[in-house]
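A.B. asks: Listed here are the chains, written in short residue letters.
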Amino acid sequence: MTLDLPAHAQERLKGLRGSAHSTGVFTSDFSVNEFLLVRKAGFEPIGLCVGSCVYHVGIQYGSWSKSQEMDVLSKAMYHARELAMSRMRAEASAMGADGIVGVKLTIKRLEWDEQLLEFIAIGTGVVHGEGHKGFRAHDGGPFTSDLSGQDFWSLLHAGYRPVEMVMGSCVYHVAHRGVLSGLGTVGRNVELENFTAAMYEAREIAVERMQFEAAAAKAEGVVGVDIHEGSFGWKTHVIEFFAIGTAVLPLDQEIAPDKIPDPIMVLSVND
Amino acid sequence: MGLFDRFKPKAPAPEELRRQADILMSLRGNRIPTATLERLQGAASGAKPWMATLTPAELLITRSHGLKPIAAISATCWLHYGFSWTLGHSQGWEAALARLAQEAKACGANAVLDVKMRTIPLETGESMDFTLLGTAVKIDGLAPSPDPIIATVPALEFVKLLEADVVPTGIAIGAHYQWLSDWNNSANQAWMGNIEAPQLSALWNDVRNRAHANLRESARPRGNGVLAHVNFSQMFDREREVNERKFKEYLARYIVIATTVDARRGTPLPHDISMVVDMCAGKTPLQGSKPHHQSYASNERDGAI
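Here the protein sequences line up with chains D and G, keeping their order.
Numbering follows full-length UniProt numbering, in which position 67 of the first sequence is assigned residue number 67; successive positions increment by one, without gaps.
Numbering follows full-length UniProt numbering, in which position 64 of the second sequence is assigned residue number 64; successive positions increment by one, without gaps.
Among these hints, one or two may not hold up.
Stated by the list, open to error - Computed list of lysine-lysine pairs in BS3-like fashion (alpha-carbon distance at most 30 Å, straight line):
1. D:108 / G:116
2. G:290 / D:108
3. D:14 / G:48
4. G:290 / D:104
5. G:248 / D:108
6. D:104 / D:75
7. G:68 / D:40
8. G:48 / D:235
9. G:290 / D:75
10. D:75 / G:248
11. G:248 / G:290
As the list claims (entries may be wrong) - So the derived label-pair ranges between C-beta atoms look like this:
12. G:141 / D:95: 49 to 55 Å
13. G:141 / D:42: 30 to 36 Å
14. D:212 / G:284: 28 to 34 Å
15. D:42 / G:60: 29 to 35 Å
No lab work stands behind these hints: they were computed from the structure.
These figures come from a predicted structure and were not determined experimentally.
Where a beta carbon is used, it is the ideal one built from N, C-alpha and C, also for glycine.
Looking at chain D on its own, in the form it has when it is part of the complex (with noise of 0.2 Å):
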């Protein structure tokens, strides 16, 4: 059986030239199935998007025997993210993409200073084959989404569309135990109800931010959230909760439940 190839493939493996493309060179950072899935769901990648910034969190110290939000960290650890994230949307406005795929969030520690810290928000510009602005988000500018090509495909086969990528942080000082109340549960098993309720509020405020973001971005729900625990180079009692998912809205066109199709059951026979 010989490969049944479109006539511009076949053109190219004779070593033909195609046409010129006016369209110019799209970037993109997708894998060859996210590419394919994303062009399946209607949608093409115009160019990679990034924002960046590097940013100096201030000093802030606890008081040892209070919980407490640490805000100026939080507020640090919020502000560069959204400078980043901000900076990637404009640069996907600018190339007028409809949403952006797959955006990975990193935090990068400079080696020189420890208070020195790189945000980099990074994903792919899409826009809609047909042009359908409908995709928007509800500011009438691009949707942000950290799903993977996949996950894109999935969600708008169930029937949803991303409007956008949501987040919350709370950074938080949990306090240390006294010195008396140590002696008292010596040989005992005991919860330590100040710090599982430290954990409790802190994650608490992160999850409500995101909320509040979602609700802002007139969202019916968020996808994929997770709710991290992360320390970047604080005392040992200062910890971070970051929540993250992508808020969605159902699709215009709504997929009635029982039309979504059943998935099939396979075993593979890898390792």
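Dock chain G against chain D, hints included.
C.D. replies: Relative to chain D, chain G alone:
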């Protein structure tokens, strides 16, 4: 032959010397070394066995889609970066690519599949080897190409792309570096509390934009798009003193490496896509993408006790 004779340095045989000289002269003259050329032409004519870097499963896919492997081909350029580390990377890969294309053409291929970029992890001063390895293939019913395409993707992805009228045509490299001299030490605002370091942000922005512009320039002759799989960036600082004035300098470097594609817009993938649940334990988005526990992660050991 004495017991220890084998440890004595042996004078190279004349044919060995000839071969080494031939390789050197061929590289200088932009030709394929004679022995390699003979091997490739032998494989192309069928006089010698074909060779492929493909697994048996991949061989199945290539056969069922009318592709025939000819030879495993490779190219190397060992480059000393005297002037710029960053730009050396672009130069090294480009040189290796040109040599690979030459070998592909010599064996009458239409395409090279599964091209891998390799480097031997040797710290030999200010130099590095840029090596490419792939499988030259011909396509049933097509004449040999004067300009074979070079695809970094494996066989399966190669045919998937072709069916969607996307041709993976080659490799593009974009590299750029830039120094920032911070004369009045204003990039470091440690005393300020929460604040962006705008000079460093701008430095990154410049370097990245230039690297991506170089990438598009490098891709333009081969296609209308790139899938960039390697984004590498680094920033360094160093102290300088000029006329008893101390200041800092920052170096930012950025390398991006991509597969170029020639894609017809709007050609759909001619396959239906259905969701599959794999009953074999493995990664599937239907089971979430994050690990389900990490509380005991540090306690695991691989292998038998």
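A.B. asks: For every hint, state whether the structure bears it out.
C.D. replies: We went through each hint and held it up to the structure:
1. For the hint linking residue 108 of chain D to residue 116 of chain G, the alpha-carbon distance of about 28 Å falls within 30 Å, and the restraint holds.
2. The straight-line distance between the Cα atoms of residue 290 of chain G and residue 108 of chain D is roughly 21 Å, inside the 30 Å bound, and the hint therefore holds.
3. Restraint check for residue 14 of chain D and residue 48 of chain G: satisfied, since their Cα atoms lie roughly 24 Å apart, inside the 30 Å limit.
4. A C-alpha spacing of about 15 Å is found between residue 290 of chain G and residue 104 of chain D, which places the hinted pair at or below 30 Å, so the restraint holds.
5. A C-alpha spacing of about 20 Å is found between residue 248 of chain G and residue 108 of chain D, which places the hinted pair at or below 30 Å, so the restraint holds.
6. Only pairs whose Cα atoms come within 30 Å are accepted, and residue 104 of chain D paired with residue 75 of chain D is accepted, the gap being roughly 21 Å.
7. Proposed proximity of residue 68 of chain G and residue 40 of chain D is supported: the alpha carbons are some 29 Å apart, at most 30 Å.
8. A hinted pair counts as satisfied when its Cα atoms are at most 30 Å apart, and residue 48 of chain G with residue 235 of chain D does not qualify at roughly 66 Å.
9. For the hint linking residue 290 of chain G to residue 75 of chain D, the alpha-carbon distance of about 27 Å falls within 30 Å, and the restraint holds.
10. Taking the CA atoms of residue 75 of chain D and residue 248 of chain G, the gap is near 28 Å; set against the 30 Å cutoff, the hint holds.
11. Distance hint between residue 248 of chain G and residue 290 of chain G is unfulfilled; the C-alpha atoms sit about 42 Å from each other, more than 30 Å.
12. The beta-carbon spacing between residue 141 of chain G and residue 95 of chain D, approximately 40 Å, falls outside the hinted interval of 49 to 55 Å.
13. In this structure the hint that residue 141 of chain G and residue 42 of chain D lie 30 to 36 Å apart at CB holds, the actual value being about 33 Å.
14. For the pair residue 212 of chain D and residue 284 of chain G, the supplied restraint of 28 to 34 Å holds, since their beta-carbon distance comes to about 32 Å.
15. Range check, residue 42 of chain D to residue 60 of chain G: about 32 Å between beta-carbon atoms, so the 29 to 35 Å window is met.
Hint violations for this structure: numbers 8, 11, 12, all remaining hints satisfied.
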